[in-house]
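Here are the chains, one letter per residue:
There are 2 protein chains.
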Amino acid sequence: MTARLDFNQADFEPQFAALLDSKRESDQDVADIVASILARVRNEGDAALLDLTAQFDHFQQDNVAALAISKAEMQSALDELDPTLRAALVTACDRIRAFHEKQVPDGFGGLDDDGVALAMRYTPVDAAGLYVPGGKAAYPSSVLMNAIPAAVAGVERRVMVVPAPDGYVNPLVLAAAALADVTEVWRIGGAQAVAALAYGTQSIAPVDKIVGPGNAFVATAKRQVFGTVGIDSIAGPSEILVIADAQNDPEWIAADLLSQAEHDEAAQSIMITDDADFADAVDAAVAAMLPRLDRVAVASQSWADNGAIITVPDMAKMPELANRIAAEHLELALDDPEKWAGDIRHAGAIFLGRYTPEAIGDYVAGPNHVLPTARTAKFSSGLGVVDFMKRTTLVGCDAASFAKIAPAGVKLANAEGLGAHALSMTIRMTKPV
Amino acid sequence: MTARLDFNQADFEPQFAALLDSKRESDQDVADIVASILARVRNEGDAALLDLTAQFDHFQQDNVAALAISKAEMQSALDELDPTLRAALVTACDRIRAFHEKQVPDGFGGLDDDGVALAMRYTPVDAAGLYVPGGKAAYPSSVLMNAIPAAVAGVERRVMVVPAPDGYVNPLVLAAAALADVTEVWRIGGAQAVAALAYGTQSIAPVDKIVGPGNAFVATAKRQVFGTVGIDSIAGPSEILVIADAQNDPEWIAADLLSQAEHDEAAQSIMITDDADFADAVDAAVAAMLPRLDRVAVASQSWADNGAIITVPDMAKMPELANRIAAEHLELALDDPEKWAGDIRHAGAIFLGRYTPEAIGDYVAGPNHVLPTARTAKFSSGLGVVDFMKRTTLVGCDAASFAKIAPAGVKLANAEGLGAHALSMTIRMTKPV
Chain P
0 MTARLDFNQA
10 DFEPQFAALL
20 DSKRESDQDV
30 ADIVASILAR
40 VRNEGDAALL
50 DLTAQFDHFQ
60 QDNVAALAIS
70 KAEMQSALDE
80 LDPTLRAALV
90 TACDRIRAFH
100 EKQVPDGFGG
110 LDDDGVALAM
120 RYTPVDAAGL
130 YVPGGKAAYP
140 SSVLMNAIPA
150 AVAGVERRVM
160 VVPAPDGYVN
170 PLVLAAAALA
180 DVTEVWRIGG
190 AQAVAALAYG
200 TQSIAPVDKI
210 VGPGNAFVAT
220 AKRQVFGTVG
230 IDSIAGPSEI
240 LVIADAQNDP
250 EWIAADLLSQ
260 AEHDEAAQSI
270 MITDDADFAD
280 AVDAAVAAML
290 PRLDRVAVAS
300 QSWADNGAII
310 TVPDMAKMPE
320 LANRIAAEHL
330 ELALDDPEKW
340 AGDIRHAGAI
350 FLGRYTPEAI
360 GDYVAGPNHV
370 LPTARTAKFS
380 SGLGVVDFMK
390 RTTLVGCDAA
400 SFAKIAPAGV
410 KLANAEGLGA
420 HALSMTIRMT
430 KPV
Chain W
0 MTARLDFNQA
10 DFEPQFAALL
20 DSKRESDQDV
30 ADIVASILAR
40 VRNEGDAALL
50 DLTAQFDHFQ
60 QDNVAALAIS
70 KAEMQSALDE
80 LDPTLRAALV
90 TACDRIRAFH
100 EKQVPDGFGG
110 LDDDGVALAM
120 RYTPVDAAGL
130 YVPGGKAAYP
140 SSVLMNAIPA
150 AVAGVERRVM
160 VVPAPDGYVN
170 PLVLAAAALA
180 DVTEVWRIGG
190 AQAVAALAYG
200 TQSIAPVDKI
210 VGPGNAFVAT
220 AKRQVFGTVG
230 IDSIAGPSEI
240 LVIADAQNDP
250 EWIAADLLSQ
260 AEHDEAAQSI
270 MITDDADFAD
280 AVDAAVAAML
290 PRLDRVAVAS
300 QSWADNGAII
310 TVPDMAKMPE
320 LANRIAAEHL
330 ELALDDPEKW
340 AGDIRHAGAI
350 FLGRYTPEAI
360 GDYVAGPNHV
370 LPTARTAKFS
380 SGLGVVDFMK
390 RTTLVGCDAA
400 SFAKIAPAGV
410 KLANAEGLGA
420 HALSMTIRMT
430 KPV
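Chains as they are written, first to last, in numbering that gives the first Met the number 0: chain P, 0 to 432; chain W, 0 to 432.
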């Protein structure tokens, strides 16, 4: 049984606040272990990487070059794929690339009224590292979602790392890497792979930004190297908020709730509806559907522990609750979804209407599936092209425009007690060339 | 004497690498103290805030409401300002606002060839906290640079915190807050102010993003609350890289180098020139100018410990070095600066030509002066309007467009072993309304 909350009940507010505050991540403290791994790779380079890979992945090689996967190997993984699966991957790749190409930002520039040249421009980072988890949880869709934005941004080196437990790498992951045009692949994982990307070794050149999901060791390593390199946000367990009126088929909505619940016991699926009978029907549909799932144990526990059905007296109460939830994924399964979307200020991604289940966005819709979790959609965004770029501002004065604006600058520099700042301006006014 | 490096010398590369790697920040370990302050404010709220403010700022009040500064007080600080100083502040404010208004991002949206509605939109965070250091180091220009982007982004609550040692707040800071349209001001500082902004107290509502410079306690507190709220980057000591040919007045360039050196003993000023005689002339000009500065002790130590003059055989060698330095501030004091700027991939802000000293950008040019330090311009950007906004993607399918793209999604979901993902799509194909 999942939690049921009713907006009209007197204790709704404390119950809803508790739902928002529920901590679903394990506080596995691996900081010390990770710090020592990072230090070893930073100090010993290749030798530490080989040693740690043998230790953690049971994959023993004599030199780091042997950990590389060539472009030819990636291409043959793609060539050997079942044709319909390959076609599906191509569809996903093309649609993701098309959506991300629309995100490439324009800079701007020109002279202002005082004759000062002002501009802002975007440039890509030189090199990006893409962490891909190993073994069974290796998702080709995640390779596409992380590698394509980097390629669209114009990042020259796009370096994938993937652990190879006992030497095994999922061929689907390699096929996706080939399609997404990854430029380097190394069979390394864990904190040691993050260290190699951040600091470089004799064989692996360092990168500027590291993205991609991983376990607690990987997430902690990313936190610890932040500052030396940039990182994406640290993703928590997946979440969905489905807004559904009584016009929906309860089974469709049940399947949507379960599509997040099956990810992880810590995942969270919430529905808000304005119809108590529909709430009952969805609850029943979930119960009936659960036993049919391969991942029944995971999905059942997620739904029981973290799921919730919230009834509101009318949909007008919904946006405020949805904004407080600030869901990673928000489905608006009701009439006029665009109108309702206008009332949503905080969500990672919004799925409009009854024919847009969240899973379509995990694979083929085009927008990124790397999205902010745990209420962080209030202040952060899904992965995008700009995450692989940075902005530089440019200012250019000539003698005339400088003379117009510098006096105000001198006044402020002196008010702040910064005499050399003032001097660097006055010297150009009192002693012109 | 500052360091001199010559590109033509055999030991240039290790010397340059050492310059890049030099660690200029003190590793003051305050993490445990900060963690206990954050926990106290989180658990005890207002009472802890009052207690810690009395303890650290020697400013004793009975309730948090008494720590607020009203809009009327801010306005009278502005009204009482010397008129020419007020005019300078207005010039700065207007120019900064104009530049940041150009940054407001457009979203996009429309139907693709398959009939799928796809969009990306930007929304502001609900509330932003702006940390302003107290006492003498309180810079009105920093208030403008942090508060204006938030206002332009459309952030509703723009909350300034500023410590008031013995009850004192610099009136220039309040005047700047009035001009920049800050909506709330609290006389609190240190880690306790960061905690109040992140977690909220009985009297102070929490914010979603915290920006602004501060000491080691503030920086550490920002790191620790990251995840609960967003933060800007943690700024290190200031840096300037001046590229100057022999056509410059050595005194102008000396003043520019010193304008960063005067900030902090840990600040770093570097010049690259293609003329050894000009290098000598600038070195001599710095030595002659130093005693004339109010902040002679700070600037002298910064220049001696962290400054450097690098000579290159010709300017064509410069861009590679400049890109490795990835300076916070880069001056291009040579002919055709726009051309050279095209070769620069990594810099926080670029100042074009001989009449654009960096200090003009600190106050009145318009671009932000909160910029990435310590080589982080390789992957991060100066503060901007988008730092107070987040992106949401939107997807909408109807039955027809869903039928076109869903089969590829189902194929991939099954390949990843995620049956409920697949089910949420197949159920809409096999059982249409």
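Derived from the structure by calculation, the hints contain no laboratory data. Incorrect hints may have been included.
Same chains, same names: a pair is fine if it fits in one copy or spans any two.
Pairs of lysine-lysine residues, derived as DSS-like cross-links and limited to a Cα-Cα distance of at most 27 Å, are as follows [what the hints assert, rightly or not]:
| no. | residue 1 | residue 2 |
| --- | --- | --- |
| 1 | Lys22 | Lys316 |
| 2 | Lys403 | Lys338 |
| 3 | Lys70 | Lys22 |
Against the structure, the hints:
For the homomeric pair Lys22 and Lys316, the shortest alpha-carbon distance inside one copy (25 Å) is at most 27 Å, but the shortest distance between copies (53 Å) is not. For the identical chains of this complex, Lys403 and Lys338 are inter-copy neighbours only, at 25 Å across copies versus 48 Å inside a copy, given an alpha-carbon limit of 27 Å. Taking the shortest alpha-carbon separations for Lys70 and Lys22, neither the intra-copy value of 42 Å nor the inter-copy value of 38 Å comes in at or below 27 Å.
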